[in-house]
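Novice: Below, each chain spelled out in residue letters.
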Amino acid sequence: MLDLLAGFVGELRAAGLPVSLTENIDAMDAVRFVPLDDRTVFRAAMAATLVKRPEHRPAFDAVFDAYFAVAPFAGGDELDVDLGALLDDALRSGDAEAISRVARLAVARLAGMEEGRGVRGSAYVFKTMRMLDVDGALARLLAGAEWLERDDLTGAGLRLRAEIEAEVRRRLVAERGPQAVARSVRRPLPEDVDFLHASREDLTALQRSLRPLARRMASRLARRRRVGRQGRLDFRRTLRRSLSTGGVPADPRFRRPHPHKPEIVVLADVSGSVATFARFTLQLVHALAGEFSAVRTFVFIDGIDEVTRLFAGTDDLAAALTRVHEEADVVAADGHSDYGRALGTFWARWGREITPRTSVIVLGDARNNYHAAHADVLADLRRRCRRLWWLNPEPRSYWDTGDSIVSEYAVHCDGVFECRNLRQLEAFVSQIG
Amino acid sequence: MADRFESIGSVRDGLAGVDYLADEAIAGVVFLADRLDKPVLVEGPAGTGKTELAKAVARWSGSRLIRLQCYEGLDESKALYEWNYRKQLLRIQAGEGAGTSWSDLEDDIFTEEFLLSRPLLEAIRADEPVVLLIDEVDRVEVETEALLLEVLSDWQVSVPEMGTVSARRVPLVFLTSNGTRDLSEALKRRCLYLYLDYPSVEREREIILARVPELPGHLAAEVARIVRSLRLLDLRKAPSVSETLDWARTLVVLGVETLDASVTESTLHVLLKHRADIAAAARTLRTAG
Ligand SMILES: Nc1ncnc2c1ncn2[C@@H]1O[C@H](COP(=O)(O)OP(=O)(O)OP(=O)(O)O)[C@@H](O)[C@H]1O
Ligand SMILES: [Mg+2]
Numbered sequence: 001m002l003d004l005l006a007g008f009v010g011e012l013r014a015a016g017l018p019v020s021l022t023e024n025i026d027a028m029d030a031v032r033f034v035p036l037d038d039r040t041v042f043r044a045a046m047a048a049t050l051v052k053r054p055e056h057r058p059a060f061d062a063v064f065d066a067y068f069a070v071a072p073f074a075g076g077d078e079l080d081v082d083l084g085a086l087l088d089d090a091l092r093s094g095d096a097e098a099i100s101r102v103a104r105l106a107v108a109r110l111a112g113m114e115e116g117r118g119v120r121g122s123a124y125v126f127k128t129m130r131m132l133d134v135d136g137a138l139a140r141l142l143a144g145a146e147w148l149e150r151d152d153l154t155g156a157g158l159r160l161r162a163e164i165e166a167e168v169r170r171r172l173v174a175e176r177g178p179q180a181v182a183r184s185v186r187r188p189l190p191e192d193v194d195f196l197h198a199s200r201e202d203l204t205a206l207q208r209s210l211r212p213l214a215r216r217m218a219s220r221l222a223r224r225r226r227v228g229r230q231g232r233l234d235f236r237r238t239l240r241r242s243l244s245t246g247g248v249p250a251d252p253r254f255r256r257p258h259p260h261k262p263e264i265v266v267l268a269d270v271s272g273s274v275a276t277f278a279r280f281t282l283q284l285v286h287a288l289a290g291e292f293s294a295v296r297t298f299v300f301i302d303g304i305d306e307v308t309r310l311f312a313g314t315d316d317l318a319a320a321l322t323r324v325h326e327e328a329d330v331v332a333a334d335g336h337s338d339y340g341r342a343l344g345t346f347w348a349r350w351g352r353e354i355t356p357r358t359s360v361i362v363l364g365d366a367r368n369n370y371h372a373a374h375a376d377v378l379a380d381l382r383r384r385c386r387r388l389w390w391l392n393p394e395p396r397s398y399w400d401t402g403d404s405i406v407s408e409y410a411v412h413c414d415g416v417f418e419c420r421n422l423r424q425l426e427a428f429v430s431q432i433g
Numbered sequence: 434m435a436d437r438f439e440s441i442g443s444v445r446d447g448l449a450g451v452d453y454l455a456d457e458a459i460a461g462v463v464f465l466a467d468r469l470d471k472p473v474l475v476e477g478p479a480g481t482g483k484t485e486l487a488k489a490v491a492r493w494s495g496s497r498l499i500r501l502q503c504y505e506g507l508d509e510s511k512a513l514y515e516w517n518y519r520k521q522l523l524r525i526q527a528g529e530g531a532g533t534s535w536s537d538l539e540d541d542i543f544t545e546e547f548l549l550s551r552p553l554l555e556a557i558r559a560d561e562p563v564v565l566l567i568d569e570v571d572r573v574e575v576e577t578e579a580l581l582l583e584v585l586s587d588w589q590v591s592v593p594e595m596g597t598v599s600a601r602r603v604p605l606v607f608l609t610s611n612g613t614r615d616l617s618e619a620l621k622r623r624c625l626y627l628y629l630d631y632p633s634v635e636r637e638r639e640i641i642l643a644r645v646p647e648l649p650g651h652l653a654a655e656v657a658r659i660v661r662s663l664r665l666l667d668l669r670k671a672p673s674v675s676e677t678l679d680w681a682r683t684l685v686v687l688g689v690e691t692l693d694a695s696v697t698e699s700t701l702h703v704l705l706k707h708r709a710d711i712a713a714a715a716r717t718l719r720t721a722g
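Line by line, the protein sequences give chains Z and X.
For the first sequence, position 135 (counting from the first letter as 1) is numbered 135 according to this note's numbering, and the numbering increases by one without interruption.
For the second sequence, position 278 (counting from the first letter as 1) is numbered 711 according to this note's numbering, and the numbering increases by one without interruption.
Please note that a few of the clues may not be correct.
Here are the computed distance ranges between Cβ atoms for each label pair [as the list claims (entries may be wrong)]: (1) Val598(X) with Arg187(Z): 32 to 38 Å; (2) Ile711(X) with Ala143(Z): 26 to 32 Å; (3) Gly290(Z) with Ile711(X): 18 to 24 Å; (4) Glu635(X) with Gly10(Z): 48 to 54 Å.
Pairs of lysine-lysine residues, derived as BS3-like cross-links and limited to a Cα-Cα distance of at most 30 Å, are as follows [stated by the list, open to error]: (5) Lys261(Z) with Lys706(X); (6) Lys520(X) with Lys488(X); (7) Lys488(X) with Lys261(Z).
No lab work stands behind these hints: they were computed from the structure.
Using N, Cα and C, we set each Cβ at its ideal position, and we do this for glycine too.
Make a model of the complete structure from these sequences and hints.
Specialist: Next up, the structure:
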């Protein structure tokens, strides 16, 4: 058991989870008190000792499922059962037993898993889902369903998929061992997902971690504005207080300093190559809008347009972003990024509105398609604003290669930051408040 | 140290007995906290029963509940102890009048009588079994968090004027957090971690039945499903368990017998707090028939 646990913890660490020595020991202690055969409790005990961030839970579960898989379904196929009818019943009732029975039978009958074939589990899951025609069955049942039934059915569908995945995984584990299976399902943690190479699943995970991140950052920024709250001693109030203690200043009072919120202008390249990055960064900045005295957003490709109004008065940032793409006038010539031209247009039309209170953030890879840089515009801009930062979603080693001209702009900036994932984005935002 | 809890099942049943519906995972972590003598850090969305868990454990196990409510600016003097300055000053003034020597006075004013014991010290000094609830710990500053960590690690406090006080018995500790900021890695390492998400439809139905027994059973199931579906909408603030219970109570007061779309729509404001959310939910109700 302890060996298995050591392998498990090793794999968690390999997946990026920060498991400390203390936590490892706690997990080993916990094993003495919880029944191994009760998977729910055992999983909860391992999670309680080893994972301390909800965003890391999916990664934990994937490894747990590989290491502590129960044996796969051993019974033969019950050839006489009608899988289709069973499927409908399971989806309709949402009953856990029924769902897992369908999953086991379906994998046995339809997945076509053979020993020694080094295929990733997802192919078998896909095949089973398609042969069983889960989507078709769901569509049929959903047709006549009302609101609540729809959510019941969709939920049952998701649980069925999870059960099929689990059964496929059990079989793979039985054949190839936990480590190989855990590795094959390893994914980057949400905070490490590279904006430029995110898969659809990654994007969903990213999106989910954005809200809690924004909340955390907002309170961090607010808190920081308040530090030094116990500012200088307020002599008069302290004296007044001391009257009740016979003139002894037992209860010192302090002045509150005046907090100030920065004013932010964001210029975002939204061309295809960096659109995901722009999307997440804009969402984060707008989710934090309350922490700034004003946020104005401009998007560009070779033309540039202000889209602040699309974010005003809505909480649905995703919808606002969709509108940005539909409504913003960002193409002036050929629809390939032209930083020089976009910056020039910005400066000509809105430059006068930049003040010494404005902090400007440019988002983009500075891949200029060999157009003219017009870096002098940035120099003018820098002279008028409070701070000028540039966030680049490309790895530092790619900067200034090919048509990237980061350095030409960097000389005019207060800082250029590599910003490939949420972790780096968070680090940047926490220092601008 | 004697264990408080017999088994995971007994924790779950015990909590159910005081109307707190825990699932296997929750009961397992509470059980483990007792066996490993470790604090539990409970995080999760608002109103999912974090605070109530600690209270329920205290209620069921017959322990004394000591609560440290955290807020920004909470410091040692409010968390641990402080000297009662006013009383000390009065004593000094009285003593000076009577000609008492300073050293006698000093011995006198740093005694039990002048000590204001705050929740942490209170928990350490208690003779009886204690459940210590450190509520909303994410609100304190980093320095106070360090103080908490120290106490939770050593279970002793030194009062320079009086000496060191050690716990006779390590309390069962629950820290709750709404995750408005990251707690230090050190504090997290010290704790078991429990993430309390919204309950499953089935468990929420049981919670409703336990807390609002006047509501007919079939309505409880319906309420749980509707709340589940509302949480699936992309709302500013999803309904919490407390709001589910408020809604259930509202339905009882209104004497509702069948929950149709129009009853639901006219009482949505009990569940949802933002106008935009109410509008979005109403739209769904109307189109979904
Ligand atoms: N599992 C449960 N069993 C019974 N009642 C519950 C349960 N979970 C939540 N409740 C009810 O929901 C209400 C809200 O719970 P509680 O105040 O503990 O939430 P919380 O997670 O501490 O919220 P906040 O983050 O806002 O402090 C409680 O009054 C309790 O009645
Ligand atoms: Mg609470």
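Novice: Does each hint hold? Answer for all of them.
Specialist: Hints, one by one, checked against the model:
no., hint, verdict
1, Val598(X) with Arg187(Z): 32 to 38 Å, "49 Å, violated"
2, Ile711(X) with Ala143(Z): 26 to 32 Å, "29 Å, holds"
3, Gly290(Z) with Ile711(X): 18 to 24 Å, "22 Å, holds"
4, Glu635(X) with Gly10(Z): 48 to 54 Å, "36 Å, violated"
5, Lys261(Z) with Lys706(X), "28 Å, holds"
6, Lys520(X) with Lys488(X), "34 Å, violated"
7, Lys488(X) with Lys261(Z), "40 Å, violated"
In terms of the numbered hints stated before, the structure departs from hints 1, 4, 6, 7, listed from lowest to highest.
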